[in-house]
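> When you get a sec, could you build the whole thing from the sequences and use the hints?
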Amino acid sequence: MAQATLTAEIVMNEAVAAIEGSLVATDVDDFTDDDKITPREVRQFLARLRLLEGVPFSNIVADSALLPIESIRFFYVDRGWTDALTQGALSVGTVNTGDRAQLDRLYGAIEDEIDSEERLVRLPGGEERQAGPAGLMTGFVLRSRAVSGWPGLHVRAYAREPDGNDEEILPESHPDRLKLLRLERLAPAVMLALFDGMPEVVHIEEPKRGLQFGVTLTETASNTYSASIPARDVQTASYVGEDGSEVETMAEAKRLPVRFRPGSPGVLDLANTGRAFLEDDDLNMGSELDGAEFALQMIRFPYRQVFGDPGVTADFDIAAVFRPTLSKQVTTLAADFERVFDAD
Amino acid sequence: MVAVGKFVLYDGFVPPLEAGDYDLVARHKLTSPDVSGLNVETQSSRVRITSPRFKLPPDQILSTFPPANSEGAYESRLPQIVIKRRTMPWERRPLRPGDPDVPHAPDEAADRNTPWLALVVIAEGEGEISVETPIADCVTPGVPMNGPSDVVKGLYLAVPETVVRKVFPTVEDLRLLAHVREVSLADTENALGDDDGFMAVVLANRLPQFDRVACKPVRYMACLLNLEGQLDVLPAPTPPINTFLATQFVFNAAAVAQDHPVDPDLRFMGAKVDHVFAPGVGGGNLPRSGPGTRAVLSGTTAQARAPSPTHATATLSARAGEWASAATTARISDLATSASSEDVGFVVRDAMRAGFRIPFEAYILEKTYRFPVLAHWSFTCNGAGSLDTIMQELDVGLLGTLPGPDAEPPRPECLPPVGGDAPPPADKPRVPPEVTGTGHVGLAHKTREGEDRRAWFRGPFVPFATRRRHQEGDLPVLAHVSDQLRLTIPDGREDLSLAVAFEIGRLLALSQPSFVAALMRWRREQFGAERARRLNGVLSQVGQFAGTLDLTLGQGVAREVGRRFLNVAAADLVANFGDARPIADPGRPIEHLSANPITDLANGLGIDRQVLVEAQRRRDPAALDDVGVARGAAADTLDPETLRVLDAGLDEALRNVLTQGGVTSDRDLRRSARPDEDALDALIRRQTERRKKEME
Numbered sequence: 001m002a003q004a005t006l007t008a009e010i011v012m013n014e015a016v017a018a019i020e021g022s023l024v025a026t027d028v029d030d031f032t033d034d035d036k037i038t039p040r041e042v043r044q045f046l047a048r049l050r051l052l053e054g055v056p057f058s059n060i061v062a063d064s065a066l067l068p069i070e071s072i073r074f075f076y077v078d079r080g081w082t083d084a085l086t087q088g089a090l091s092v093g094t095v096n097t098g099d100r101a102q103l104d105r106l107y108g109a110i111e112d113e114i115d116s117e118e119r120l121v122r123l124p125g126g127e128e129r130q131a132g133p134a135g136l137m138t139g140f141v142l143r144s145r146a147v148s149g150w151p152g153l154h155v156r157a158y159a160r161e162p163d164g165n166d167e168e169i170l171p172e173s174h175p176d177r178l179k180l181l182r183l184e185r186l187a188p189a190v191m192l193a194l195f196d197g198m199p200e201v202v203h204i205e206e207p208k209r210g211l212q213f214g215v216t217l218t219e220t221a222s223n224t225y226s227a228s229i230p231a232r233d234v235q236t237a238s239y240v241g242e243d244g245s246e247v248e249t250m251a252e253a254k255r256l257p258v259r260f261r262p263g264s265p266g267v268l269d270l271a272n273t274g275r276a277f278l279e280d281d282d283l284n285m286g287s288e289l290d291g292a293e294f295a296l297q298m299i300r301f302p303y304r305q306v307f308g309d310p311g312v313t314a315d316f317d318i319a320a321v322f323r324p325t326l327s328k329q330v331t332t333l334a335a336d337f338e339r340v341f342d343a344d
Numbered sequence: 001m002v003a004v005g006k007f008v009l010y011d012g013f014v015p016p017l018e019a020g021d022y023d024l025v026a027r028h029k030l031t032s033p034d035v036s037g038l039n040v041e042t043q044s045s046r047v048r049i050t051s052p053r054f055k056l057p058p059d060q061i062l063s064t065f066p067p068a069n070s071e072g073a074y075e076s077r078l079p080q081i082v083i084k085r086r087t088m089p090w091e092r093r094p095l096r097p098g099d100p101d102v103p104h105a106p107d108e109a110a111d112r113n114t115p116w117l118a119l120v121v122i123a124e125g126e127g128e129i130s131v132e133t134p135i136a137d138c139v140t141p142g143v144p145m146n147g148p149s150d151v152v153k154g155l156y157l158a159v160p161e162t163v164v165r166k167v168f169p170t171v172e173d174l175r176l177l178a179h180v181r182e183v184s185l186a187d188t189e190n191a192l193g194d195d196d197g198f199m200a201v202v203l204a205n206r207l208p209q210f211d212r213v214a215c216k217p218v219r220y221m222a223c224l225l226n227l228e229g230q231l232d233v234l235p236a237p238t239p240p241i242n243t244f245l246a247t248q249f250v251f252n253a254a255a256v257a258q259d260h261p262v263d264p265d266l267r268f269m270g271a272k273v274d275h276v277f278a279p280g281v282g283g284g285n286l287p288r289s290g291p292g293t294r295a296v297l298s299g300t301t302a303q304a305r306a307p308s309p310t311h312a313t314a315t316l317s318a319r320a321g322e323w324a325s326a327a328t329t330a331r332i333s334d335l336a337t338s339a340s341s342e343d344v345g346f347v348v349r350d351a352m353r354a355g356f357r358i359p360f361e362a363y364i365l366e367k368t369y370r371f372p373v374l375a376h377w378s379f380t381c382n383g384a385g386s387l388d389t390i391m392q393e394l395d396v397g398l399l400g401t402l403p404g405p406d407a408e409p410p411r412p413e414c415l416p417p418v419g420g421d422a423p424p425p426a427d428k429p430r431v432p433p434e435v436t437g438t439g440h441v442g443l444a445h446k447t448r449e450g451e452d453r454r455a456w457f458r459g460p461f462v463p464f465a466t467r468r469r470h471q472e473g474d475l476p477v478l479a480h481v482s483d484q485l486r487l488t489i490p491d492g493r494e495d496l497s498l499a500v501a502f503e504i505g506r507l508l509a510l511s512q513p514s515f516v517a518a519l520m521r522w523r524r525e526q527f528g529a530e531r532a533r534r535l536n537g538v539l540s541q542v543g544q545f546a547g548t549l550d551l552t553l554g555q556g557v558a559r560e561v562g563r564r565f566l567n568v569a570a571a572d573l574v575a576n577f578g579d580a581r582p583i584a585d586p587g588r589p590i591e592h593l594s595a596n597p598i599t600d601l602a603n604g605l606g607i608d609r610q611v612l613v614e615a616q617r618r619r620d621p622a623a624l625d626d627v628g629v630a631r632g633a634a635a636d637t638l639d640p641e642t643l644r645v646l647d648a649g650l651d652e653a654l655r656n657v658l659t660q661g662g663v664t665s666d667r668d669l670r671r672s673a674r675p676d677e678d679a680l681d682a683l684i685r686r687q688t689e690r691r692k693k694e695m696e
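Residue numbers (UniProt numbering), protein chains in the order written: chain V, 1 to 344; chain S, 1 to 696.
Hints should not be assumed to be uniformly reliable.
Said to hold, decoys possible - Straight-line distance between alpha carbons at most 30 Å, and here's what the computed DSS-like set of lysine-lysine pairs gives: (1) S:367 / S:55; (2) S:84 / S:153; (3) V:254 / S:6; (4) S:367 / S:153; (5) S:84 / S:6; (6) V:179 / S:6.
Hint data in this document are derived by calculation from the structure and do not stem from the laboratory.
In structure tokens form, the structure reads like this:
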């Protein structure tokens, strides 16, 4: 055992310095390499708690009358409430006054770290990570048959209405789009969404489930229906108006009639419907109709409900965000295959 | 590469080779001008190109529309199935060599672009889905099914000729119903978990309709069929019409089976059967015998002798029918959640087939066809509650708004108003809850004293933006117990919102042992270090430790620090710790004794007061020796037994007193050196003498 002449102070300082080093190096942020005081496990748990994971639903919505059947309720998240929640979790293990005094000192730093951790709970692939202190949190609870009947509804919130008709769906990292902090079905018919900010409009869109194909049914007489589809130019995939010119929205497009098979309600006569398409020169169909061209005409866009200022969204045409294109590449591909086999 | 949110449609991907067995023959020809006979042995091997034939592997199904077991307004949408492998619909040839000629569209049929798969949508009662059946029986008898099969047993769909003629696609249609879609793999919404971004889509040719006459939902089964060798069965093209009458119906075997039970045995035994029906329905309006009984119709082509009257066996009300359908959907959902994971697929599929299980071939006189089913799912078309109607009828508001007039779920317009035997509407809320504009709800609250009160509660969701507590400044930033967060608001009730939140957070944390462990570890390691650092800061200011101090590393620092601390502290106890506490606290003064205790004492003891006064003045208890004490009876008058017990008791009491007084007497307790003085007398005497000495 080494003998050394030391002051108590030196011994203390040495000991403290050794431990103090590990106080700083508890954890490192994965993205910014910043030092984190709070251990990762604690941080992640508290961040998920902030997003109300595991909180009993009766504590979130205190009375069923606040969320009646077939309703959507928007809200602000009370940060005071969620802070109380995290404080409750942190209080576990503060046994004596000393612990509490220390927690008091550290609490500010812990809170800041959880604030930035909130955005990391849900990280969609292919999106840039967003950072910054937590601000206003909003969201909605939707209790409807739409939730149970259409699993996988898309929810998007925009701080500013995406302008222009032909804009694509903005990625989550876009400044106009609000990050979705949580999107979850709490019950078969109850959906909870939390947004990182204050949305101007919220879009709830039918799950695409691949695209859908269909027609517009019109009742012409009692229980008698006719069907039509908006005309599209198969070369450009844009809508065609009555005069054969390109139009922007589905509403302006020329309607093409759809034929049915007699005696079988709802059964389409595809061949004859297709022939009618071919006869219409505006569609640029060429001489032969194939499955892709037919499918292009029959595409029906998923329904999108826009919540927000009705004035802003009046002229919004959902179908315009999609620009399907038709390709003829298949013929060249098939030719390649044949060449390989002809070599024998 | 396709951009996110865009997609490309292709007519189809026809693989160069269709599925089947092939001989791969490799011949190598060597020629040389000099050498002859350079023969290389022909290499021959057998190759099998596999492809699903009777059963589509579940991983090949990327999505179906409408979703399986869903209920909704699908009247204007074509059902579809999305298949993972892009070449799937073209991997087989629907018209194989040797198959009967296709009368209607021979050119189309011979084309490799014609898919061998068709998605056919049939309503309840239009066909039968079989149980697992050996492959050979899965096709219409007489159709050969040669070549390798992927499974031993499969399912088939048995449909009468009428249904084929009315519902199945024509040969020409087949090509239009299949295509390939390319999407970006980065687009998780559209890629559906595909591996290469290309997927085959097969559409149905039928818009599912709900029953507009009886106004009830109709359950449909979508079946992905294998058409190999049966292209000739498909219907001939018909002159098209521009409108369809939604009240027409295609076929219903249920009514046949229900209203006219036929002994299947008779039919199989070749007996003459009276009650067999094959409804053939012409166009136009149809006579109906009443709602719910899709009675057998003697149409123009009826081959059956209908016994009159076709009285309805069950006049189901429209409402009841609706409920029956809802029950099926609910039952399937129940099964899906409750069945064990191994057989859940089987059980759910089995439940979905309910309603498609009428033994067709036994009842229906006309020819029935069998088609192998590669995949099937059921859905319900109910004519109300499509997503747009549901969404537009949503009750929109901020949390805290109470519902308006009781909102009914959307229903078809044709449905009669609720009444009669209809089940009662859902219960209205008992009493409208007490809700304030701030989103607080008044709730019953049982206090810790057991008192029933009402308290305010508000969840985390509020109808206006709030500030965080430390921004408000009037509350402690950090609470340590939930009671710190109980608020009393001006109306006198308590607002328990934050206290409840605190408690939930605490309980949730406690429910996760790993979190508690992490917290404790952190506290032990990190907080301990912080504590040591601060202690050191304080100690270095004291100065006592500034001087050199020999310490041997390895000895307890804490012990040394404690010793030094004690030394410092003991130097001036009063300064360090304050005044010492008195050894005993004075007792409470007794009221009536304060006046003149002597008198009371004298009265109590029954002696002359003057004696006591004198004794007190002289401070000599010996003055009391002369006081006569009333004596009891003489000892010899007592019962000897009693006396002995008393003696023992006295001895015991004496011994106790002496032990406490510090006197040990090994001699007889009640005997002493002096005459008539026992040990107790000696003790008293000694104490008196000591007291006298002290006074002097």
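> If a hint holds in the structure, say so; if it does not, say that too.
These are the hints, each one checked on the structure:
1. For the proposed pair residue 367 of chain S and residue 55 of chain S, the alpha carbon gap of about 25 Å is at most 30 Å, so the pair holds.
2. The suggested pairing of residue 84 of chain S with residue 153 of chain S holds, with an alpha-carbon distance near 23 Å, which does not exceed 30 Å.
3. The suggested pairing of residue 254 of chain V with residue 6 of chain S holds, with an alpha-carbon distance near 23 Å, which does not exceed 30 Å.
4. A distance of roughly 23 Å separates the Cα atoms of residue 367 of chain S and residue 153 of chain S; the hinted pair therefore holds under the 30 Å criterion.
5. Between residue 84 of chain S and residue 6 of chain S the alpha-carbon distance is near 18 Å, which keeps this suggested pair within the 30 Å criterion.
6. The suggested pairing of residue 179 of chain V with residue 6 of chain S holds, with an alpha-carbon distance near 22 Å, which does not exceed 30 Å.
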